[in-house]
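Visitor: Okay, here's what each chain looks like letter by letter:
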Amino acid sequence: MKYGLYPGCSLNGTGIEYGLSTKAVAQKLGIDFVEIPDWNCCGASSAHNRDHLLSVALPARNLALAEQHGLDQIAVPCAACYQRMKAAEVALRDEPTRREVGEVIEMKVEGKSRTRALVEVFTNDLDAEFLSSVVVRPLSGLKVASYYGCLLVKPAQVAIDSPENPMIMDKLMAALGATPVEWSYKTECCGGSLAITRPEASLGMTANVLKYAKLAGADCIVTPCPLCTSNLDMRQKAAEGLLGMELGLPIYYFTELMGVALGLEMSQLGLTKHFVEATSLLKNTPAAQ
Amino acid sequence: MSAVDNPKQPAKEWEPNIVGFACNWCTYAGADLAGLSRMQYPPNVKLVRVPCSGRTNPQFVLRAFQKGADAVLVAGCHPGDCHYATGNYFTRRRYLLMQRMLEFMGIDPRRFQARWISGSEAPKFRDVVTQMTEEIKALGPNRKLREEI
Amino acid sequence: MKRIGVFVCHCGSNIANTVHCEKVAQVAKDFPGVVLSTDYKYMCSEPGQVMIQEAIREHNLDGYVVAACSPRMHEPTFRKCAARAGMNPYMVEQVNIREQCSWVHANKEKGTEKSIDLLRMGVAKVVKNEPLYSTTIPVTKRSLVIGGGIAGIQAALDIANAGYPVTLLDREHTIGGRMAQVDKTFPTLDCSACILTPKMVEAAQHPNIELMTYAEVEAVDGFVGNFDVTIRKKARYVDFDQCTGCGACTEKCPKKVPSEFEMELGMRKAIYTPFPQAVPNKPIIDAKHCRYLLDGKCGICKKVCPTGAVDYEQKDELIVERFGAIVVATGFEQFDISAYEEYGAGKIPDVITGLHLERLMNASGPTAGKIKRPSDGKVPEKIVFVKCVGSRDEAKGRPYCSKACCMYVAKHATLLKEKMPNSKSYIFYMDVRTPGKNYEEFYARTQNEYDAQYIRGRVSKIFQVGDKLIVRGEDSLLGRPVEIEADLVVLAAGMDPRGDAKDLARTLGISYDQHGWFTEAHPKLQPVETHTAGIYLAGACQGPKDIPDSVAQASAAAVKAAGLLSKPELTSEAMTALCDEAICSGCGLCQSICPYKSIEIKSINERYHGQMRQRRVSNVNQGLCQGCGACTVACPSGAMNLKGFTNDQILAEVDALCQR
Amino acid sequence: MGPIQLSMTVASSQDFRDRLKQEYGVDVSLCYQCGKCSAGCPAAFAMEHTVRQILRMVQSGLVQESLSSYSIWACAGCETCSTRCPRQVEPAKFMEALRIEAKKAGLVADKNADLFNDLFLSSVKDTGRLHEVGMIARFNILSGQLFKDAEHAPGLFTQGKLSILPHKIKNTEAMAKIFANVQKKRGGKS
Amino acid sequence: MNQITKEMRDLARELLASGEVKGLIGWTKGSRWYLTPPLFITRPEEAEQLYFDQFAVNNLTGLLLDYRYGDDKIALFVKGCDSRGIVRLLQDHQIKREKVLVIGVPCMGMSDKKAVTDPRQPVELPLLDKCLECRYPNPVIADRLIGGALVSGEPSEPKGLTASEAAKRGVGSKQADRFAQVKAIEAMSADEKYAFWQAQHEKCLRCYACRNICPACNCRECIFESDKKGWVNKSATPTDNAFFAVTRAMHVAGRCVECGECERVCPMDIPIMALNRKVIQDINELFGESDAGTDLDGKMPLGLFKNDDPEEFM
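Sequence order for the protein chains is E, A, X, W and D.
In terms of UniProt numbering, the first sequence is residues 1 to 289.
In terms of UniProt numbering, the second sequence is residues 1 to 149.
In terms of UniProt numbering, the third sequence is residues 1 to 660.
In terms of UniProt numbering, the fourth sequence is residues 1 to 190.
In terms of UniProt numbering, the fifth sequence is residues 1 to 314.
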């Protein structure tokens, strides 16, 4: 299987463990990711607040580059990038928009390449049975709250699963041997986009997500989004202060947990780069012994 | 040989003559509603009342072109709303073919149009008639398929 | 050449303002066949009609054209006018120079010109008109009522009381419908069963009513006055002639199934009656769950039946019966709440619907009238109601108001307070709609006397934390988000058309709207008729309704049906299709296209070169044909023609419009 | 301050509503004020007016007030409201439209958000990518919050999550062109 | 004498002698080497006149219409293309199934006699275009079969005694080009199209040869010959000819069995099949693929509808 890969800015920065684990897991599963050459920032989280055309044009250049290199499917790990890229893909289905955007980026763009969220590629394109069959260290006993965030499931035009109760990652976790917990904050916003400009508001939202995961009995949270992860991970201490309760919830990228289940080294997956200590929970699972 | 012709007046500007076949229950009623609502539209489309759009034989359309109509409109109830339950479904099939056949013969597709206009769609009736008149005005008189006078 | 008269109407100033009526009449004098052309202020007025009648006699007219308003307005007037003067009414054509001319064109020259063109068309047509006559057809004096809910029962009783036999058909195995599931009724709070069951029994015992339960309509042929209806009588596996309804079989049956009647809050057996007051009160076997019918094991019911009524070999039976009129009263389905994922609907057991609550409140329901929540049987204290679930929600494909929910929620809140004085109801609403007699007063009492807290706003999310349900909404009057920790949430689910309503509509040949509600012939003036003569609508199948509205409409439909049955015979359409047998080659292309199945192929004998031979030709049943004319277009040879809209007439109209 | 002169405010704001519809595809007349948007809004607690109220302001013609509202900047863009809106008004798109319009009208209430957007886009414009460290550092300096999140910095560096030097794409000219062309389309100078 | 001719004569003799059929329609060798016209016989001894070769191109099914009201059972020979005409007549109730005995023959492809340069000099002639485009070389319906013919209701390869010859001659080799002419005309501008057809309509003599040979044109009285209907001027003006051409195409819409006989018999070489193929192409695209006259139970595309037919008239 061959896909174009749009890593996005975070995977070289705050989401470095997402980048590492994605590449490691892909290699292990025999999936060929070709990074879109010379890709640029998709414009999240600012372009759409300034100019609609700009917010389509920035991702459109990436789509045009993908087309040029014959990449008809582009896997996008970052949920924010996915939403912007997919929204641009949808907007480009309209002929006049396609023309206008073509003039802006001064490149031909036909809108042939499909934007795919990485989590969807790893679940829909891979047989669940196949996945279970390659698991060498099942995550038995690990109670995981799957946290999808907003950007993969809203709005409807770009959604990869139900906006209220998505299951795609829960099923993936089950295939890895973990126990997905039922909870109601799967798609509630963590406030990531406000983290810098309105930190207090953002923290309130982050804290709620963490609280309900804890109340649902989860040992940890798994996400497909670098924004959510850095928010939930980096600010968990502050959230504990705000809530007045202890949380201690490691925040994993789903690729990290896949990597562990597939038998990869934790350091190779970036698991040592977390704020909330993330390795001991996995070492303590019965499977690891 | 319009009867109001006044020989003293200069020749009038050419106006398109458009024959419309309208089903009694929807489009004809929609046209009546346009009147009741005092909507204004050009007088170029004249309606022949038929019970159902399904009564409109393609040969009537050919005859209109032959006798000098500049365009023909066939209009009826929306599929599913036919007073006779299914008539307009047959209309739809027949005129999908007829429209293509006329285009194949070299007739500009704007000169033959079919439309669903319900009894409540007076604005749509007005818009269709207005737009069609404007289109045909731009196209000029129809010479194709017309009999020699 | 026929002698034609032309009458141009001014309609006061309605036409005359933008059309030179005198000029139009003047020009028409030169049209071929016209022997008289005149104009008048109001042609439809008494003096106008007298003028026309005198002209008919004086000028010995064969036909006339009146240029006036729309024929949809006054065609019957001018036809009758002709008849009074001894002229066949179909020798009249009306040309529309008001709605389609004077009212839509401001320029008087152009209006006049168009009027002349239209009039030329009318004259060209009327010259080719022929006298037409209606025929009469007999009426089968029986009525079919489809659906045995409160609307169907009421319609059947009213028709039966008017003296006509009625077959009351229900697909379920008892009549009673939705109302049987309801505990109490607003705004009087009488017990639903107490007012419904007597009517069910009355229907069953009425000498003019034949009850046909567990049966469905398969096909409908024929037309008003004579519908041939194919009915499937589903196999019940119990011979009702022998069954005494003793209940031994139900008691011994080992197979338990969630009860549909109890909204799956309780169980029933595989051989069962849905509820104690069912009519007929005899059990049937549910073939989908019966162990014997599924794998041949068990057979206990047959063993215990004292009369040998259980018959596993019973098969569906198809019968064809003829009816003069049909009343459709198939009701509604409750909206499937699982579309509201944000409410956890269908996932959280304690998020229920109004009908669930009805069963929980009902003394003969699964909890014997104790309000216990489905998850753990706990008695709820804080109950949240959410209105407009599956109503007024375009995103869920339900833009319409379901009409009954505002009142049934008020009723629920009142009854809960009565049953559980310590409970508290919170009701999220967008608007409270109470347009019914004593409805507003009831709603006021719900707030004042029964302590219900009304909160204006739509709920956004419901989720479970521990054994509580968190309900989040905005109190839009406060402008602040609010949250309630509830024990039970009742979604006031709206009404949906029956899932198979569209199929039935197609079978009956009636129309339906985009949702599947059956369409009345006119929203104001013909609210119970359909576009298909002889088929009437009663109850919620036409759109959401509460019980009083359903019953009122049922009686209205019954009057329409009885009125039809009371006629000695029906006058058929005069403008029908007619086949020219000399030309017809009997190919049958017209047959498949006819929506009324009014075309048959018959054999005729004719003399040919001195020998008799047989030949197939189409034959139009003049009683069934409604005059759509689809057959005329299917006929390549032009053998099929439509009286009043003949090929010749339409061609003449086209020619006249093009001749300028 | 007397009552709102509705007949004036509604009439004079029709252009604005038309523009929302044409340019942003947001038709505020669809909104029947049910409040489902605000009830589900995770940031509602940080807003002085709920989304529904801002929509109402625009319906009633209080355009100025809506644009200078702080609430539109508290919106996290999570689209929950748009997903649940029974009338498909798309409140999230509406809030986004107001933010763009507020910027145009010079009515941005949240200076931090404005600064953030400036820095974000200038990073993208210059290098083609977002340089997280550079942007956050500059934001903190310019917004006068020198030490915000500073406690995380050592961790971030040692984890290799923050690189001091920005990543630059090869074809930075392409970026400059995109920004210039958008400007041109908007009728501004390139 | 070829094998198929021999089998033809034997079977004809047997059928007529036994009285199983009252008459039989076949082909006979004509006055020139490139002519094999139709023949109607009633007596066993006439069977000797029957003949079959690559010039037996006439579709005989239309001739059955002369016997449609009779009580006599008639036998006739059909090639693959002809046999679809039988289905047409049966579906249109013009003949009774029990009154016709259909004998299927295999087909080697028919030669184009228009290529004859010297009437006295027999030469190898090219195939007719319609045979190059042939999709049904085998009978779709038959009561008897000769020459190893096989019945097939689906498009198929030529079967039977002449199979290899048919393959060699290229029968069906240009199936894919069936709509080539339609596409070529569609590619023209509106004025070019009109000029193209106007030139055809100027040639038309209104001899009705096309109609007379057509198994779908089975009306008892054609509207173009009906004097009291006033549908169309009988004179052969271009506009009336256009009216005739379009109307005929619409009348056989969904019913044309693509035997191509109308175009073959046209004395003025008007590309009549381009019109029929245009309709067939559009029906296939709009309402789903179907081949008229291949299935006795098949429904006529214009006699039915689907609720979700393409919608262009909103």
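Just so you know, these hints were derived from the structure itself, not from any lab.
Just so we're clear, the structure is a prediction, and the values are computed from it rather than from any experiment.
Cβ coordinates follow ideal geometry from the N, Cα and C atoms, glycine included.
Among the clues, some could well be false.
One side only, chain D facing chain X, incomplete, derived with CB under 7 Å [claimed, not checked]:
| hint | residue |
| --- | --- |
| 1 | Y69 |
| 2 | C219 |
| 3 | R220 |
| 4 | E225 |
| 5 | T294 |
| 6 | D295 |
| 7 | L296 |
| 8 | G298 |
| 9 | N307 |
The following label-pair restraints were derived from C-beta to C-beta distances [claimed, not checked]:
| hint | chain 1 | residue 1 | chain 2 | residue 2 | range |
| --- | --- | --- | --- | --- | --- |
| 10 | X | E418 | E | S162 | 36 to 42 Å |
| 11 | E | T272 | W | T172 | 30 to 36 Å |
| 12 | X | K256 | E | E265 | 38 to 44 Å |
| 13 | W | A109 | X | G369 | 29 to 35 Å |
| 14 | E | E95 | X | A444 | 55 to 61 Å |
| 15 | X | P138 | D | K234 | 25 to 31 Å |
| 16 | D | K114 | E | D94 | 51 to 57 Å |
| 17 | X | D467 | W | S68 | 31 to 37 Å |
| 18 | W | S68 | X | G369 | 53 to 59 Å |
Visitor: Does each hint hold? Answer for all of them.
Guide: Quick rundown of the hints versus the structure:
1. A hinted interface residue such as Y69(D) counts as satisfied when its beta carbon comes closer than 7 Å to some beta carbon of chain X; here the least separation is about 5 Å, so the hint holds.
2. With a least beta-carbon distance of about 4 Å to chain X, the hint placing C219(D) at the interface is held under the 7 Å criterion.
3. Taking 7 Å as the C-beta cut-off, the interface hint given for R220(D) holds, the closest approach to chain X being about 4 Å.
4. Using the Cβ-Cβ criterion of 7 Å, the hint placing E225(D) at the interface with chain X is not satisfied: the shortest such distance is roughly 10 Å.
5. Below 7 Å, beta-carbon pairs count as interface contacts, and T294(D) has none with chain X, the closest being about 18 Å; its hint is therefore violated.
6. Checking D295(D) against chain X: minimum C-beta separation of about 15 Å lies over 7 Å; hint violated.
7. Annotation: interface hint on L296(D) violated; nearest CB of chain X at approximately 14 Å, more than 7 Å.
8. This hint is violated: G298(D) has a C-beta 12 Å from the nearest C-beta of chain X, more than the 7 Å allowed.
9. The interface hint given for N307(D) is broken, as the beta carbon of that residue sits about 9 Å from the closest beta carbon of chain X, more than 7 Å.
10. Our hint of 36 to 42 Å for E418(X) and S162(E) holds, since their Cβ atoms are close to 39 Å apart.
11. For the pair T272(E) and T172(W), the beta carbons lie near 34 Å from each other, so the given range of 30 to 36 Å is met.
12. About 55 Å separates the C-beta atoms of K256(X) and E265(E), a value inconsistent with the hinted range of 38 to 44 Å.
13. Between A109(W) and G369(X), the C-beta spacing of about 57 Å breaks the proposed range 29 to 35 Å.
14. Judged by the Cβ atoms, the range 55 to 61 Å given for E95(E) and A444(X) holds: they are separated by roughly 57 Å.
15. Take P138(X) and K234(D): their Cβ atoms lie about 47 Å apart, and the range 25 to 31 Å is violated.
16. At about 53 Å, the beta-carbon gap between K114(D) and D94(E) stays in the expected band of 51 to 57 Å.
17. Remark: the range hint 31 to 37 Å for D467(X) to S68(W) is contradicted by a beta-carbon distance near 45 Å.
18. For S68(W) paired with G369(X), a C-beta distance near 58 Å keeps the hint of 53 to 59 Å intact.
Hints 4, 5, 6, 7, 8, 9, 12, 13, 15 and 17 from the earlier list are contradicted by this structure; the remaining hints agree with it.
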